[in-house]
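Asks: Single-letter residue listing:
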Amino acid sequence: MSDKNKSTAHNDSRRNFLRQSSALTALAIAPQAVLKAAEGKMDEKIAGYFEKMPLSIEVNGKMHQLSVEPRVTLLDLLREQLHLTGSKKGCDHGQCGACTVHVNGSRINSCLSLAVMNEGKKITTIEGLAQGDKLHPMQEAFIKHDGFQCGYCTPGQIMSAIACIKEGHANSEAEIREYMSGNICRCGAYPNIVDAIVEVKNAGGKL
Amino acid sequence: MEKQFFFDADTPDPDRVDGRAKVTGSARYFAEYTLPDMTYGVLVTSPVTKGRIKALDTKAAEKAPGVIAVLSHLNKPSVPGYEAPPAEGRGPGMRIFYTDKIYFNGQPVALVVADSFERATYAATLVRAQYEKEEFRTDFDANLDKAVAPRAPGAAEYKRGNIDAYKNAEVQLESEYFIPTEMHNPMELHGILAHWESPEKVIMYAKTQGVKATQQTVTNLFKLQAQNVQVFSEFVGGAFGIALRTWPHEVATVMAAKMVGKPVKLVLTREQMFTMVGYRPQAKQKLGMGATKAGILTGITHEAIGQTATYDEFTEGIVNMTKFMYACPNVNTRYKVLPLDVCVPIWMRGPGEATGAFALESAMDEMAYRLGIDPVEFRIRNYAETDPQRNQPFSSKYVKEAYQMGADKIGWSKRNPVPGSMKNGDWQVGYGMSTGVFTAGRGGATVRAVISDDGMLLLQSAVSDIGPGTGTAMVKIASDLMGMPFEKIRFELGNSSLPPAPSQGGSSTLSTVGSAVNDACLALQEQLAILAGQKTFAGKTKQDIVFSNGRIGLKNEPASAIGYAELLRQNNTPAVEVTKDSRQGEAARKYSIYSFSIHFVEVNVHPATGVVKVTKIVSVGDAGTIVSAKTAASQMIGGAVGGIGMALTEEAIMDHRFGRYVNHNFADYHVPVHADVPHVESLFINKPDPIINPMGAKGMGEIALIGFSAAVANAVFHATGKRIRSLPITPDKILQTKAV
Ligand code: FES
Ligand code: FES
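If you read the sequences in order, they're chains A and B.
Sequence positions in the first sequence follow the working numbering and run 1 to 207.
Sequence positions in the second sequence follow the working numbering and run 208 to 947.
Simulated from the structure, these hints should not be mistaken for laboratory data.
The beta carbon of each residue, even a glycine, is placed where N, CA and C say it ideally should be.
Accuracy of the hints is not assured; some may be wrong.
Stated by the list, open to error - Quick list of the computed label-pair ranges, beta carbon to beta carbon:
hint : chain 1 : residue 1 : chain 2 : residue 2 : range
1    : A       : Glu173    : B       : Glu584    : 29 to 39 angstroms
2    : A       : Ser172    : B       : Ala815    : 20 to 30 angstroms
3    : A       : Met117    : B       : Ala356    : 49 to 59 angstroms
4    : B       : Glu341    : A       : Glu51     : 55 to 65 angstroms
5    : B       : Pro284    : A       : Glu173    : 47 to 57 angstroms
What the hints assert, rightly or not - With a straight-line cut-off of 30 angstroms between C-alpha atoms, the simulated BS3-like cross-links for lysine-lysine are:
hint : chain 1 : residue 1 : chain 2 : residue 2
6    : B       : Lys266    : A       : Lys52
7    : A       : Lys144    : B       : Lys266
8    : A       : Lys144    : B       : Lys469
9    : B       : Lys469    : A       : Lys52
10   : A       : Lys201    : B       : Lys820
11   : B       : Lys823    : A       : Lys144
12   : A       : Lys144    : B       : Lys616
Said to hold, decoys possible - From chain A, some residues computed to sit far from chain B (all C-beta separations above 12 angstroms):
hint : residue
13   : Gln65
14   : Pro70
15   : Val103
16   : Gly120
17   : Lys121
18   : Thr125
19   : Leu135
20   : Gly168
21   : Ile184
22   : Glu199
23   : Lys206
Same shape as in the complex, but just chain A (with noise of 0.2 angstroms):
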């Protein structure tokens, strides 16, 4: 099959799946006008509205049944659609750290991983952390510390800082310096980054 058959083909399967009015019900979050202009003309804006793919993820313990377009990094997911914004977006590109999340645990860039591959999976964010009004020891040793001025890398330095010590990556300040140097802070909290870091590991609790 040439490539112009395979995208006609696309197409046409993307027109009959939604003429299917049981497709259409499922369809939560598509407005009703949208509905009744897909079922008529299928023009391109409308057609843009059918091009998510379904997804069940697990946010701060929540589980959320979304509808997503497949170019949505995780990040933009969690800012613009959940208004979890406390991952913050420095670079988009992997480079910075500021939009760290736990991933089943593991911290990773979400900027650089789509949405619709986290089928499935648990997400901690920054705003997953504190039990209540109780801070996570994390959390209340940046405080002590000073470990940041402007704020804004501060979620991603903390979500990294937690996996740093569980990774068994903080047995020293040049080993700290070295498995957080994925975070960039531009105000240079970085020494009392560590401080907190280390008073944490050495409290030994659970994290």
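Got chain A; can you put chain B with the ligands on it based on the hints?
Replies: The following block gives chain B with the ligands in isolation, referenced to the frame of chain A:
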């Protein structure tokens, strides 16, 4: 009424007032606000460096899914302020979408608005532009002969005594220094969220160092009533200078929001941060220095050329420090700008002075070695007890003590002063030091203070906090004066409707707004005393009343004291409010008011690879009273970290065939990371300046960085005998430079 201060060292230094918001992710930066029906803007930028837009085809983009509009010079809404002729003296300025002219590579040519970020991003790739290219100039080195005197008055020349006196000195030095273009690169991307609530009213969530400045700019451009232009900027993810002006893409977003009648949010990409929000301009400097054999300076000549843009002039104080730092009878300076086809620069932390200090403090070190005098001792021999530029006293200056503190802490006297003499395994070890200085300014600001019968004190002022901890420092000042705990005081900022305050820049916020907080608290106490005289202490006047530990009572009758809340309740007054404007008096003009810093560093240099590591840092701040020890220490640490980047890694590199930066991302433009930064020891003189303001506190954001790069270069010289006069000190330069 007795004034009570509680600036006492044993009250524990409190945590930041916004710490909890920052560590939980609840602090909201501009891009994190959502308005109903919000849309997303993405810029299309010019790949051409100079010329004009011949044709712009936006049809495909307009048809793409979710696209609401494509804004360009072809269909822009009217911006009355852009229709007036440009102001004299600074070039035409960048009137975005008001011209088909291209002034620099990366200039926005269109703005695509769509209902999602992804759709706007995709549609932006569909905009097709054709350009008529013109020959351009971006190469600084190749065009030095085209440098001109700046149009800004007073910036060009300075002299005292004889010109070029160094040429007749017993010992002479003539050196050239280069610093490359440096990018501020705060972690938060720049941008804005704008929404017209009616044809006459616009609100903006902005990344700005001055909500009032942004309000003013938009008010003027769109000819609106100031109260109908509201700017919010509660949290700012770093700025270091980039948010000191309202940039073209912000105006473009306001235009777009007007056009589509919906909120538009625009966030730059990191690449765009290299071309749209300014930078520390590259500069070439020549320093001539003359001294007697006994180490007394006889003449300094400091010449500098800094980069600017063809369409807008930018100047900064590169040669300022040379005019007054040392007691030298003959000093002349010359400053020129070189306009190129690039985006206009903007002040970056320690603006100008950081550039100049690299040259001056490197030369001081070089001269000290040439004379065979210890670099600290050489500076002390030429110590300026009074300001030699303005012939008046310094308001306060404890730089001699600062030299001593820093030298003791790092173990300066224990080093072997001979260059190339110290080792740590394979590594060569070196020690270097330098001085930094910056004007300690104080402008005018207004603060409203409201104390209510629930025991809360609310302070409000339209200042921004880009990270230093302004809110924390203000609460500390109020807490000390009112004797109230931190938790009972709230400082509101980042909102243009609050009482006016200047932009956060030039290390003046603490001094300016802090003074207004101070004055507002005192005025509040006066009102409370008057209130107390009505009923609680009927018949007593404010002379009989004292404030202590958050209580108000009668002099010599401690048992009479009651809390503020109780006082208000007893007098059936829900709240007492004062609004106070505060600014520096005339008397301060008779003094030169500066903050000073001394930096000592230890470096390790690897002779085989040329790698330089900063291994120890001691920075001493002479910045008057330290209001909040914790945030002040963080400021000093942050400056040192910025200084490491400036000294060792940071350099924006342009390919002059295209007029485009080639390292416009964090992988290729190297800012310091954890692994580059050792423990930083920050020390403070912590003695009040008697002139500047009631707290005796001087600013310190700039001095934390100014001079630092010279300390590193001087340490590299001590380690290796190699004098590197061009930043950053990368391994290739170490390997290619000969030891003296
Ligand atoms: S935003 Fe993800 S690494 Fe920078
Ligand atoms: S606190 Fe500002 S970037 Fe880290």
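Asks: Under the criterion that the straight-line Cα-Cα distance not exceed 30 angstroms, is the pair lysine 144 of chain A, lysine 469 of chain B satisfied?
Replies: Violated, because 42 angstroms separates the two Cα atoms, which is more than 30 angstroms.
Asks: Please verify that the nearest CB of chain B lies beyond 12 angstroms from lysine 206 of chain A's CB.
Replies: Per Cβ check, lysine 206 of chain A is outside 12 angstroms of chain B; nearest 19 angstroms; holds.
Asks: Mind checking the hinted window 47 to 57 angstroms against the Cβ distance between proline 284 of chain B and glutamate 173 of chain A?
Replies: holds (56 angstroms)
Asks: Does the no-contact call for glutamine 65 of chain A survive, Cβ to all of chain B over 12 angstroms?
Replies: Fine: 19 angstroms to the nearest Cβ keeps glutamine 65 of chain A off the interface.
Asks: Take a quick look at lysine 121 of chain A and tell me if its Cβ sits farther than 12 angstroms from every Cβ on chain B, holds or violated.
Replies: holds (20 angstroms)
Asks: Can you confirm whether the C-alpha distance between lysine 266 of chain B and lysine 52 of chain A stays at or below 30 angstroms?
Replies: holds (25 angstroms)
Asks: A range of 29 to 39 angstroms was offered for this pair. Does it hold for the Cβ distance of glutamate 173 of chain A and glutamate 584 of chain B?
Replies: Check passed, 34 angstroms falls within 29 to 39 angstroms.
Asks: Look at the Cβ atoms of methionine 117 of chain A and alanine 356 of chain B and judge whether their distance stays inside 49 to 59 angstroms.
Replies: Because 58 angstroms falls inside the window, the suggested range holds.
Asks: Quick one: are serine 172 of chain A and alanine 815 of chain B within 20 to 30 angstroms, going by C-beta?
Replies: holds (25 angstroms)
Asks: Would you check the hint for lysine 201 of chain A and lysine 820 of chain B, treating anything up to 30 angstroms between C-alpha atoms as holding?
Replies: holds (26 angstroms)
Asks: Below or equal to 30 angstroms on CA atoms is what counts here, so check lysine 144 of chain A against lysine 616 of chain B.
Replies: holds (25 angstroms)
Asks: Using the Cβ atoms, figure out if glutamate 341 of chain B sits within 55 to 65 angstroms of glutamate 51 of chain A.
Replies: violated (42 angstroms)
Of the hints listed earlier, those the structure fails to meet are numbers 4, 7, 8, 14, 18, 19, 21, in rising order.
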